[in-house]
Each structure stands twice: as C-alpha cells, then as structure tokens.
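**Student:** Okay, here's what each chain looks like letter by letter:
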Amino acid sequence: MTILSMVFRSLRQHLLSTVITSLSIALAAGLILSVWVIKDQSNATFTGVDAGFDAVLGARSSKLQLVLNAIFHLEASPGNLAWEDYLEIQEHPGVAHAIPIAVGDNYRGYRLVGVLPELFTETQFSEGNAYTLKPGGRLMAPDRREAVVGSFAATRLKLKPGDTFHPYHGLLFDEKKQHAETYVVVGVLEPTNTPADQVIWIPITGLQLMSGHDPKAATDISAVLVKLRNPQAGFRLDMMYNKQGNRLTFAWPIQRIMALLFDKISWFDRVLEIVAILVAVVAAGSVLTGIYNSMNERKRDIAILRALGARRRVIFGSIVLESTLISLLGMFVGFALYAIIFTTAARVIQLQTGVVLDLWTWHPALVWTPLCMVALGAITGCIPAIKAYRTHVADHLIPTS
Amino acid sequence: MPLLEIIQLKKKYLTPSGHEQLVLDVPSFSMQAGQQVALSGESGSGKTTFLHVVAGILPADTGSVLLNERDVQGMPEPMRDQLRANHIGYIFQTFNLLQGYTCLENVLLGMSFGPGVDRPYALQLLKRVGMEHCRDYYPRQLSTGQQQRIAVARALANRPSLVLADEPTGNLDTKHAAEALALIRATCRENEAALLLVSHDQMILKAFGACHDFSNFNKANTGEAKA
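Taken in sequence, the protein lines are chains X and C.
With numbering that gives the first Met the number 0, letter number 90 in the first sequence gets 89, and the count goes up by one each step, no holes.
With numbering that gives the first Met the number 0, letter number 146 in the second sequence gets 145, and the count goes up by one each step, no holes.
FYI, nobody ran anything at the bench for these hints, they're computed from the structure.
From a predicted model like this one, the values you see are computed outputs, not experimental measurements.
C-beta atoms are modelled at their ideal positions from N, C-alpha and C, and glycine is treated no differently.
Treat the hints loosely; a few may be bogus.
Lysine to any residue pairs mimicking SDA-like chemistry, simulated, CA-CA at most 20 Å apart [said to hold, decoys possible]: (1) X:Lys386 / X:Ile264; (2) C:Lys11 / X:His391; (3) X:Lys386 / C:Pro77; (4) X:Lys386 / C:Lys218; (5) X:Lys38 / X:Gln243; (6) X:Lys298 / X:Lys38; (7) C:Lys205 / C:Ser160; (8) C:Lys11 / X:Ala393; (9) C:Lys9 / X:Ala393; (10) C:Lys218 / C:Gln98; (11) X:Lys298 / C:Ala185; (12) X:Lys298 / C:Tyr100; (13) X:Lys38 / X:Asp394; (14) C:Lys11 / X:Arg311; (15) C:Lys9 / X:Asp394; (16) X:Lys386 / X:Leu277; (17) C:Lys174 / C:Glu191; (18) X:Lys38 / X:Ala364; (19) X:Lys226 / X:Ile340; (20) X:Lys133 / X:Val183; (21) X:Lys298 / C:Lys205; (22) C:Lys11 / X:Val183.
Derived list of chain X stretches under chain C, where covered just means 3 residues or more per stretch with a C-beta under 8 Å from a C-beta of chain C [said to hold, decoys possible]: (23) 38-46; (24) 303-312.
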C-alpha cells in the first residue's frame with residue numbers, strides 16, 4: 000500500500016468534494032486556456048489575413064473601415080470611388096495587381112461581392128495559395144449573371160452549381176428587397192479559411208447594373224484591392240492619396256492596420272486575463288477550503304495512521320499529493336472544457352468573419368496553464384497539510400461523537 | 000535482558016487552569032519477551048497515557064523506555080515512528096480501523112509503514128482471526144466483535160515483539176469479550192509477541208495469570224488527571 004493508493008482512497012472517500020473542487024479547477028483552467036489561446040490565435044489570424052493584397056484603396060474614410068469592408072467583408076462600404084480611380088492606380092508603376100470590388104447586395108445575409116474574374120486567376124488568397132474550384136465548377140463569365148460561391152456560404156446556403164438565386168438589396172438581409180435578376184451558381188470555391196469563404200462572388204458589372212441601383216453610379220466601385228511590387232510603392236501611394244490628396248484613402252499595410260485594431264481593444268484582453276486569473280485563484284481557494292474543512296473529520300484517520308507508524312512527512316506529503324491530484328484531475332477536465340469553449344468560439348468567429356481558428360495549433364499556454372494550475376494546487380494543499388502535520392496523535396485516537 | 004524496561008518515567012499534563020498535573024510516575028517496570036501482562040486500573044489512572052508513552056506516541060518528561068535495549072524516549076520522532084511500525088502492535092478499545100479501507104487493506108496498511116507489505120501473511124492473519132471471508136468488507140459492514148478481530152490482525156501485521164492492548168474488550172459484550180481476549184492472547188503467543196494489556200474490567204483481568212494493579216507501578220496521583 001503506497002502513499003499514492005492512500006491518496007486515491009482519500010479522494011474516493013471524499014468523492015463529492017473531489018468532484019466539486021476538480022470542476023472548479025477545470026473551469027479555471029478551461030477559461031485561462033480559452034482566453035489566452037483564442038486571444039492570441041485570433042490576433043495572429045486576423046492580422047495575417049490580407050486576401051493576398053497589401054493595400055485597399057477606397058473612399059475617404061478610416062483605414063480600418065476600408066480593410067474590414069474590402070478584406071473581411073464586414074462593415075458597410077464607406078462610399079464609392081470612380082472607375083477611373085481604379086484605372087489610375089492599376090497603371091501606377093509600383094502596383095503589381097489592382098482588383099476592383101463592388102458591394103451592396105446580399106443573398107440571405109451572405110454578402111455579394113462584384114469582382115473581376117482576374118481575382119481568381121491572377122492573385123492568391125495567401126502566399127502560395129491560389130483560389131481553386133471544387134470539381135464540377137467553373138469561374139463566372141464577366142458578362143453573365145453567374146456566381147461563384149465561397150465554400151462556407153455554399154454549405155450554409157446549400158448552393159451548388161446549377162442552382163439559381165435572386166440577390167437582395169443591401170448588406171443586411173431583408174426579404175422585401177429582392178432584386179429581379181436571377182443568378183446561376185457556376186462554381187463553389189474550395190475552402191480558404193479566410194473571409195472569402197463567406198462571400199458570393201459575381202461579376203462586378205452585375206452588381207453595378209443591378210436593378211434598383213443608382214444608374215449614375217453604374218461605373219462606381221466600392222474599393223480597389225492592391226498588390227504592390229515593393230514596399231517603397233506603398234510609401235509613395237500613401238503620400239499621394241493620404242497626405243497630398245483628400246478624396247480617397249489608401250489603407251496600407253493591411254496587417255498593421257489590423258494589428259492596430261487589436262492594440263485598441265487590448266484593454267479588453269487584459270480584463271479577460273484578469274477574470275481568468277481570478278477564477279484560478281478562486282478555484283485554488285476551493286481546493287484549499289475543500290481539504291481544509293475536511294481536516295477535522297480526517298484528524299482521527301491521521302492519528303490512526305500515525306499510531307501505525309506513519310511519519311509526519313508521509314501525512315504532509317499525502318495531503319499535498321491529494322490536492323495536486325485534484326488539480327491534475329481538474330486539468331484533464333479543463334482541457335475538455337477548453338476544447339468545448341474554443342470550438343464554440345471558433346464557430347462563432349467563423350460564422351461572423353469566415354476566419355478559421357484551429358484547436359490543434361500550438362500555444363505555450365497549453366503547457367504553462369496545466370503546470371501553473373497543478374503547482375497552485377500543490378501550494379494550496381500545503382496549508383491543510385501543515386494542519387495535518389501538526390495533528391496531535393493521542394488527542395485524536397479517541398473517537399468524538 | 001527484558002524486552003521492555005521502564006526506568007524513572009514521568010509525564011505531566013497541563014490542566015485547563017494552567018497547572019501541571021503529574022500523570023505518570025513509574026519508577027520501574029519490565030516485561031520479558033513473549034510475556035503477557037495485564038494492568039488493572041480505574042478510569043483516569045493514566046493507563047492509556049502509559050501505553051502511549053511506551054509506544055512513543057507521547058513523549059515522556061523524564062525517564063527511559065527501553066524496548067530491546069533501545070531508548071524509545073531518547074529517539075527523534077521519525078525513529079520512534081519507525082520503531083512503532085516495526086516492533087509494536089497496538090489494539091485500541093475503539094478498534095480505530097480506517098473506514099475507507101477494506102478489512103484486508105486495513106491489515107496491509109498496518110504493514111506499509113513497517114518492514115513492507117506481505118499480502119499472503121495478511122491473508123493468513125485474517126484467516127487466523129476467522130475473518131478471511133470478510134476481507135473485502137468495510138469496517139462499517141462488520142459487527143463490533145468482527146472489527147476487533149480485524150484490529151487484532153492489524154496489530155500483528157508487522158510481527159511485532161510487543162503488542163499493546165488498551166481496553167481491547169471495552170466495546171464488546173461479555174461473551175465476545177472473552178473470545179476476543181482469548182484470541183488476542185493466543186495470537187500473541189503464536190507470534191511470540193509480548194502482550195501488555197490494560198483494562199478496568201475485572202472479569203477480563205481474572206482470566207489473566209499475571210495481573211497487576213497499575214497503581215502499584217504508577218506513583219502519581221491521577222485522580223483528576225487526563226488518562
């Protein structure tokens with residue numbers, strides 16, 4: 000009979016207390032892991048999303064709004080710019096690719112983005128990753144009412160090649176605002192794990208000429224996605240549009256703009272971190288009180304063990320080991336809880352933005368959280384262990400009623 | 000050479016009013032190996048304290064307790080614990096079985112702090128006390144007489160040279176008390192362990208050949224002392 004088997008028996012004997020304190024540890028561990036991993040992975044993923052472009056040119060507005068609208072397909076378009084503006088930046092010697100986009104319609108809440116087919120043939124959504132169509136599909140013709148659907152949108156809307164749909168006016172779904180035009184789905188994109196998966200892509204002229212849209216703005220576009228030849232071109236265009244001009248905004252570089260967004264909301268991360276740490280402290284306190292409160296009923300058992308020859312350090316060690324095992328047990332459940340919280344949060348983020356978070360991505364918190372929680376359990380176990388250590392044998396060999 | 004020799008043993012307690020109360024004052028006491036001795040005495044006469052001091056559970060204020068020529072009271076606490084685990088078996092009035100452990104586990108637990116766990120011997124002991132069929136029972140599932148049998152088996156688990164029995168039949172009816180006493184004496188004899196039994200039950204004491212009045216050894220006035 001080892002000290003470990005003694006501890007397991009004690010855990011079994013105090014099963015309810017063991018389960019409750021383990022669950023509180025699990026809750027704390029699950030929250031800490033979720034807060035840190037989701038926060039950091041979101042940060043890294045969002046600041047890494049650029050749809051394969053370096054900048055966005057749009058109407059005069061905040062750079063963040065332009066990026067959110069043109070790259071993440073969130074937020075409203077800040078306004079239109081003329082087709083000539085697209086042609087001007089396309090011809091700039093520092094620009095490798097310029098792709099105009101137009102927004103303003105949706106199909107059942109999923110945004111329609113008018114675009115040139117060159118987006119799929121000449122650009123990549125990330126370094127080394129080109130857009131590909133699922134088997135049986137093809138790209139839309141620029142002069143037809145055809146659509147290519149992002150993988151996530153296709154799944155949610157149950158769209159497949161050959162299906163037809165009527166677009167709805169505006170970025171928010173309102174069934175009273177249906178357009179008369181009928182579009183045919185001709186292809187579904189393979190998943191890109193980017194916001195492009197959330198979009199229904201149609202020819203830009205289709206969106207510009209949609210019935211009900213202002214005919215005067217028939218050649219206007221919402222933004223231009225820009226791939227630069229080199230960073231110096233970015234400085235020159237930034238000077239030209241943002242400092243010397245006052246009509247358009249050149250949002251560059253996209254990743255730094257997104258990083259600034261996360262910097263602005265970093266206080267919220269701090270709040271979440273503090274809450275998670277407080278939960279951990281409360282959980283450690285529950286381990287402490289759980290074992291400490293049971294010490295009175297354990298005193299006789301401890302006295303018996305001591306009378307049988309158990310040394311004080313064995314008693315001390317068994318209590319510390321018990322609280323450590325409670326924390327360890329809590330950590331196992333905590334990982335399961337983390338998986339549930341992460342999967343739920345990732346689903347919400349994917350639904351809202353199309354960005355995919357990966358549960359299996361490595362993060363240092365996956366190591367330091369269990370280590371800290373188990374260490375915290377061991378440390379808090381020392382307090383009741385000291386009480387056990389000091390138990391007076393002769394006084395507690397006689398049962399108390 | 001005696002197995003147990005006590006010389007000038009004194010032990011005081013602090014009373015709630017803050018005064019020191021002499022509980023034990025035993026100038027000399029000795030037992031030979033394998034000897035069975037019963038000490039009689041009224042409640043509060045210091046018998047339990049005496050056994051606790053002999054076992055090294057309580058420290059004496061002065062004097063020596065020599066077990067196999069080793070001074071128990073002169074040892075640091077961890078050594079006293081080790082000596083108790085290896086050489087002393089203890090049978091309590093209230094049995095003091097651990098409720099979270101089965102009968103077999105209680106016996107094995109008695110071994111785990113001593114020379115080591117010997118499962119076949121634990122089973123043999125349970126068989127000897129007639130409790131082999133209850134090896135997987137928990138103490139709460141047993142009668143008081145059965146619990147006492149398990150306590151006897153546990154006390155002998157480490158093949159001790161000395162078994163201390165503190166009112167071992169105090170919780171048993173007359174019939175079971177006589178059976179338990181016979182069992183304790185027989186098993187101690189079979190295991191060549193000396194037996195030092197304290198009791199205030201005259202009927203039990205009569206069964207003992209060597210029965211001594213504790214007050215003959217203990218010179219302290221313990222009328223109001225803790226025992």
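**Student:** Are the hints correct? Go through all of them and say.
**Tutor:** Going down the list of hints, with the structure as the test:
About 46 Å separates the Cα atoms of Lys386 (chain X) and Ile264 (chain X), which puts this hinted pair outside 20 Å; it is violated. With a C-alpha separation of about 16 Å, the suggested pair Lys11 (chain C) and His391 (chain X) falls inside the 20 Å cut-off, and the hint holds. In summary, the hint linking Lys386 (chain X) to Pro77 (chain C) is supported, as the alpha carbons are separated by about 18 Å, within the 20 Å threshold. Restraint check for Lys386 (chain X) and Lys218 (chain C): the C-alpha separation of about 36 Å exceeds 20 Å, so the hint is violated.
With a C-alpha separation of about 37 Å, the suggested pairing of Lys38 (chain X) with Gln243 (chain X) is violated against the 20 Å cut-off. Between Lys298 (chain X) and Lys38 (chain X), the direct Cα distance comes to roughly 46 Å. Violation of the 20 Å bound is thereby established for this hinted pair. A threshold of 20 Å between alpha carbons decides the hint, and for Lys205 (chain C) with Ser160 (chain C) the separation of about 24 Å lies outside it, so the pair is violated. Taking the CA atoms of Lys11 (chain C) and Ala393 (chain X), the gap is about 14 Å. The hint holds against a cut of 20 Å.
A hinted pair counts as satisfied when its Cα atoms are at most 20 Å apart, and Lys9 (chain C) with Ala393 (chain X) qualifies at roughly 17 Å. With a CA separation close to 38 Å, the supplied pair Lys218 (chain C) and Gln98 (chain C) exceeds the 20 Å bound. For the given pair, Lys298 (chain X) sits about 33 Å from Ala185 (chain C) by alpha-carbon distance, which is inconsistent with the 20 Å threshold. For the hint linking Lys298 (chain X) to Tyr100 (chain C), the alpha-carbon distance of about 16 Å falls within 20 Å, and the restraint holds.
Pair hint Lys38 (chain X) plus Asp394 (chain X) does not hold up; C-alpha atoms about 54 Å apart against a cutoff of 20 Å. Taking the CA atoms of Lys11 (chain C) and Arg311 (chain X), the gap is near 24 Å; set against the 20 Å cutoff, the hint is violated. Only pairs whose Cα atoms come within 20 Å are accepted, and Lys9 (chain C) paired with Asp394 (chain X) is accepted, the gap being roughly 19 Å. With a C-alpha separation of about 26 Å, the suggested pairing of Lys386 (chain X) with Leu277 (chain X) is violated against the 20 Å cut-off.
A threshold of 20 Å between alpha carbons decides the hint, and for Lys174 (chain C) with Glu191 (chain C) the separation of about 26 Å lies outside it, so the pair is violated. Restraint check for Lys38 (chain X) and Ala364 (chain X): the C-alpha separation of about 11 Å stays at or below 20 Å, so the hint holds. Between the alpha carbons of Lys226 (chain X) and Ile340 (chain X) the distance comes to roughly 37 Å, so the proposed pair goes past 20 Å and is violated. For the given pair, Lys133 (chain X) sits about 16 Å from Val183 (chain X) by alpha-carbon distance, which is consistent with the 20 Å threshold.
At roughly 36 Å between alpha-carbon atoms, Lys298 (chain X) and Lys205 (chain C) are farther apart than 20 Å, so this suggested pair is violated. Taken as a hint, the Lys11 (chain C) and Val183 (chain X) pair is broken in the structure, with Cα atoms around 101 Å apart against an allowance of 20 Å. For the region 38-46 of chain X, the assignment as covered by chain C is violated, since 0 residues bring a beta-carbon within under 8 Å of that chain's beta-carbons and 3 are needed. Under a criterion of three residues with beta carbons nearer than 8 Å to beta carbons of chain C, the stated coverage of the region 303-312 of chain X is upheld, 10 such residues being counted.
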